[in-house]
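**Q** Sequence:
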Amino acid sequence: MTQSETPPSSDGTRRRDLLATGTVVLGCAGACALAVPFVESLKNPVANPLSDRLLDVDLSSLTPGQDMSVRWRDWPVFIQRRTPQMLAALQAPDHLATLRDADSKVLQQPKDATNWHRSVRPEYGVLIGVCTHLGCVPSFEKPGSTPEAKGGYFCPCHGSHFDAAGRVARRAPAPCNLPVPPVTFLSDTKLRIGHSAGDPGFSMSDIQQI
1 MTQSETPPSS
11 DGTRRRDLLA
21 TGTVVLGCAG
31 ACALAVPFVE
41 SLKNPVANPL
51 SDRLLDVDLS
61 SLTPGQDMSV
71 RWRDWPVFIQ
81 RRTPQMLAAL
91 QAPDHLATLR
101 DADSKVLQQP
111 KDATNWHRSV
121 RPEYGVLIGV
131 CTHLGCVPSF
141 EKPGSTPEAK
151 GGYFCPCHGS
161 HFDAAGRVAR
171 RAPAPCNLPV
181 PPVTFLSDTK
191 LRIGHSAGDP
201 GFSMSDIQQI
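When you line the sequence shown up against the UniProt record's numbering, it's residues 1 to 210, in that order.
Any given hint could turn out to be false.
Unchecked claim - Taking CB as the label site, the calculated pair distances span:
1. Leu96 x Gly159: 29 to 35 Å
2. Ser60 x Lys105: 22 to 28 Å
3. Leu54 x Arg170: 18 to 24 Å
4. His158 x Gln208: 16 to 22 Å
5. Pro156 x Ala197: 31 to 37 Å
Hints were generated in silico from the structure; no laboratory data involved.
No experiment lies behind these values; they were computed from the predicted model shown.
Positions of the beta carbon are idealized from the N, C-alpha and C atoms, including for glycine.
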């Protein structure tokens, strides 16, 4: 070191060290804050004891042809009131030929919903609104909104189509029908999601794909 050079101050060195340490700590804190919701998002809702409660839904305002959404166990649940025309379309032979699992042979629903309308009562459809391809949320296609719309569901992410019973089209990327949750009708206008009177041993953990 020459005489013209000034040796570094010990105070300045300590300040730089403190600033560097603080930056690292703040960076770690920020990373942890981002990681927590990401890790939480990976958890299976089936394993979350706080989401195992029952959900009662009032159906009195749902008119024929309409669809409503509620949230149960961290999943969106679609409830639709089907018209006679929608029910007839579900049984049309030419429509059945376009479906991958028209008879609901894959376990995607309780026993009391393993039928042509995939529900406890034909008039009401209740479906978990999560596409079985990559987990996007499909949108409801109101009957008559387009010439092709018959009251089914369309996934905007990769184009999977499901009919009003949640059955997937044969050529869609989604491999399975939309899941059906366990439900019980407490009255003509009150639905309980979370328990199946017709299949009391059913668990959402038994579903093949969600």
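**Q** All the hints need checking, so say for each whether the structure fits it.
**A** Status of each hint after checking the structure:
For Leu96 and Gly159, the Cβ-Cβ distance of about 21 Å falls outside the hinted range of 29 to 35 Å, so the restraint is violated. Between Ser60 and Lys105 the CB atoms are about 35 Å apart, so this pair departs from the stated range of 22 to 28 Å. Between Leu54 and Arg170 the CB atoms are about 35 Å apart, so this pair departs from the stated range of 18 to 24 Å. Distance hint check: the CB atoms of His158 and Gln208 are about 19 Å apart, consistent with the given range 16 to 22 Å.
At about 35 Å, the CB distance of Pro156 to Ala197 agrees with the hint of 31 to 37 Å.
Violation of the numbered hints given earlier is confined to hints 1, 2, 3; the remaining hints are satisfied by the structure.
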